[in-house]
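Asker: Protein chains in written order, with the numbering used here: chain A, 768 to 860; chain B, -1 to 105; chain C, 430 to 551; chain D, 13 to 341.
Read the hints as simulated data drawn from the structure, not as lab findings. Just so you know, even glycine gets a beta-carbon here, dropped at the ideal spot from N, CA and C. Certain hints may be false.
Each pair of labels, with its calculated beta carbon distance range [as the list claims (entries may be wrong)]:
hint	chain 1	residue 1	chain 2	residue 2	range
1	C	Gln494	D	Pro218	43 to 51 Å
2	D	Arg98	C	Glu434	35 to 43 Å
3	A	Arg852	C	Asp550	29 to 37 Å
4	D	Lys263	C	Ile532	25 to 33 Å
5	D	Leu291	C	Gln545	43 to 51 Å
6	D	Leu291	B	Asp4	50 to 58 Å
7	B	His36	D	Ala283	54 to 62 Å
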Amino acid sequence: MYYIVSIAILITMALALTRALLGPSVYDRVLAVNMFGTKTTLLLSVIAFLYGRPDFLDLALTYALINFIGVLAVLEFFQSRSIRRANNRVDGS
Amino acid sequence: MDSAIDVLSWILLALGGGFVFVGGLGALRLPNFYTRMHAASLTDSMASILILVGIMLQAGWSLAAIKLLAILAFLLLTGPTASYALANSALLSGLKPGNSADESTEN
Amino acid sequence: MELMELLGLYNYWAFAVVLMTGLYAVITKGNLIKKLLGLSIFQSAVFLLYITMDKVDGGTAPIIQEGVPDQIYSNPLPQVLILTAIVVGISTTALGLAIVVRIKESYGTIEEHEIQILDRDS
Amino acid sequence: MVILFAVFLLTLLVLTAVAIVRTENLFVAVMLTGIFSLLMAANFFVLDAADVALTEAAIGAGITTVLFLGALALTAEHEKSVSSGRWLSMGVVIVTTLVLIYATFDKPRLGDPQAPVHLHVAPWYLEQTPEIIGIPNVVTAVLGSFRGYDTLGEVFVVFTACIGVLFILSGRRGRHLPSNGMASSSTDQGLRHHLIPRVVGRLLIPFIVLFGFYVQFHGEYGPGGGFQAGAIVAAGIILYALLEGETQALKAVPRPALMGMIIGGAMLYGAVGIAGIALGGNFLDYSVLADNPVTGQQIGILLIELGVGIAVCGALLSIFHAFAAREPS
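Chain A extracted, bound-state conformation (with noise of 0.2 Å):
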């Protein structure tokens, strides 16, 4: 069954690195990454009683808990990316 859910988990892998591949906007690759990121921490969630050692869970809650940084950093990117364009309007006229 461990086996049935980890195939299933990765053919989206391969789907979402398809949307990620695909476009056609960068948020689209922004929310593939996401996806493949919450797609990891299952995967390597049902790896480790697959394994046997459930101990090796720290892994995948480090996923959990540190993930979604890389799309905070992503919402910043772009929120000073556009005061800073802002700035430049008011700079420029």
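For chain A, the structure is supplied; the task is to place chains B, C and D on it using the hints.
Answerer: Leaving out everything else, chains B, C and D in the frame of chain A:
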């Protein structure tokens, strides 16, 4: 009793696998960014609940179950937050939600 | 068995392709950040090679379990080398990025050929 | 069966690497690097390297993306495509790939127990660790004790790289740039106006730091250790900086404290080594630190892991602040 828990956990895992797959399909096939995000984020949360609870039933009362609970709690907190942040930055830079297929280009 | 032999080499093939993809980015791309990305891909390929070598059939991660006497463990040595190398890798990449940022501030560009033109003109 | 998972993951890895090199939008390339790192971590885990996977997770999930985005904000987002000598280099690369693949046919296959790597010192480490050091995680034992010199060197490489970044970036910015006090105040507000990320992020920061400490002090018994813990704690504080603005994060952990962490961590490592000499042993020989050699080894590993954790955390945070404090031209 044990076999009942086993059956329940297999059902949850199978459902979770199904949700994961449907979410991936939605993220690939739906026509524009906001619909894709809708598909991905909702199924992400649902599949996380189903799969992690399924494994938790297998683990029984142990440190592993508590860790799984923590993973689930953090995923449920961070997943929707990440979706919010993403939708917000998309909206900020002028990607309009609409029902038409994707017309946006790389920016 | 033949198939398993070939699958057992797949990791090394993936290593070769990823390594050369990184090298290609380093030698052809003119953008300095792209070069650094290529360099970090190259680096990751080397990590992959080392970690591939640590696997033993039927083994598990080298954290000794009590009450399992005949457990086979994978090789800890490559893991130690790569564990430290990952952290060193991000620090050196950051150093590279810092240099790129300074180049951008001095030259106004991070494209290699434009920098060369500016250097020749001055 | 799991080997098939590995094959699948590796195929995705190769595709991602090719896509990173092909795309001309650097922002997209950085996002794909995130996927690349996730795939690497999953691969490491499948190949039984839990400690390495944890390191890749701690570094790749947040810090790499944040650093590259910081550098992109200061430089440019698009690359200009120039194709000079592209076919020649493509040819060279393909030929080298084929040569490398040809060479792999002489390699022992994946997981072969008779491979030369598994016959030399590795069995000795696995056998002797429970007796000499008495901790379950052999990776930590080799890292901290058997190959302590190596790790000392790596810590000083991180230290040196961090000093390099600070030298290059912390000076005054380029002379031709107008200093705009208004811009700095308006861009450095973090995500203060986004209520949801702010609330959730602030809720998570204590857990991230706590988990970092768990990884630090549980490293002898499970996957973990100083390198991972330093990166995780640094990620937590970087999250604070993203949410509240960089100046606010500097109030929480000021620059002198960061300097103290980098130097103090590296010095702690060195001091443990010198304490070994002072007590009559060799440099980095922990057996003399306590009456019982096994306890001495454990104390030594605990202390040097602490030094590594502090130094790595300080170095990564200083690097982050060096990039974040700079104004784009």
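Asker: Please go over all the hints and tell whether each is borne out by the structure.
Answerer: How the hints compare with the structure:
1. Gln494/C / Pro218/D: 43 to 51 Å: 32 Å, violated
2. Arg98/D / Glu434/C: 35 to 43 Å: 36 Å, holds
3. Arg852/A / Asp550/C: 29 to 37 Å: Holds, since Arg852/A and Asp550/C (Cβ atoms, about 30 Å apart) stay within the stated range.
4. Lys263/D / Ile532/C: 25 to 33 Å: Since the Cβ atoms of Lys263/D and Ile532/C sit about 32 Å apart, the hinted range of 25 to 33 Å holds.
5. Leu291/D / Gln545/C: 43 to 51 Å: 58 Å, violated
6. Leu291/D / Asp4/B: 50 to 58 Å: 56 Å, holds
7. His36/B / Ala283/D: 54 to 62 Å: 56 Å, holds
Of the numbered hints stated above, those contradicted by the structure are hints 1 and 5, listed in ascending order.
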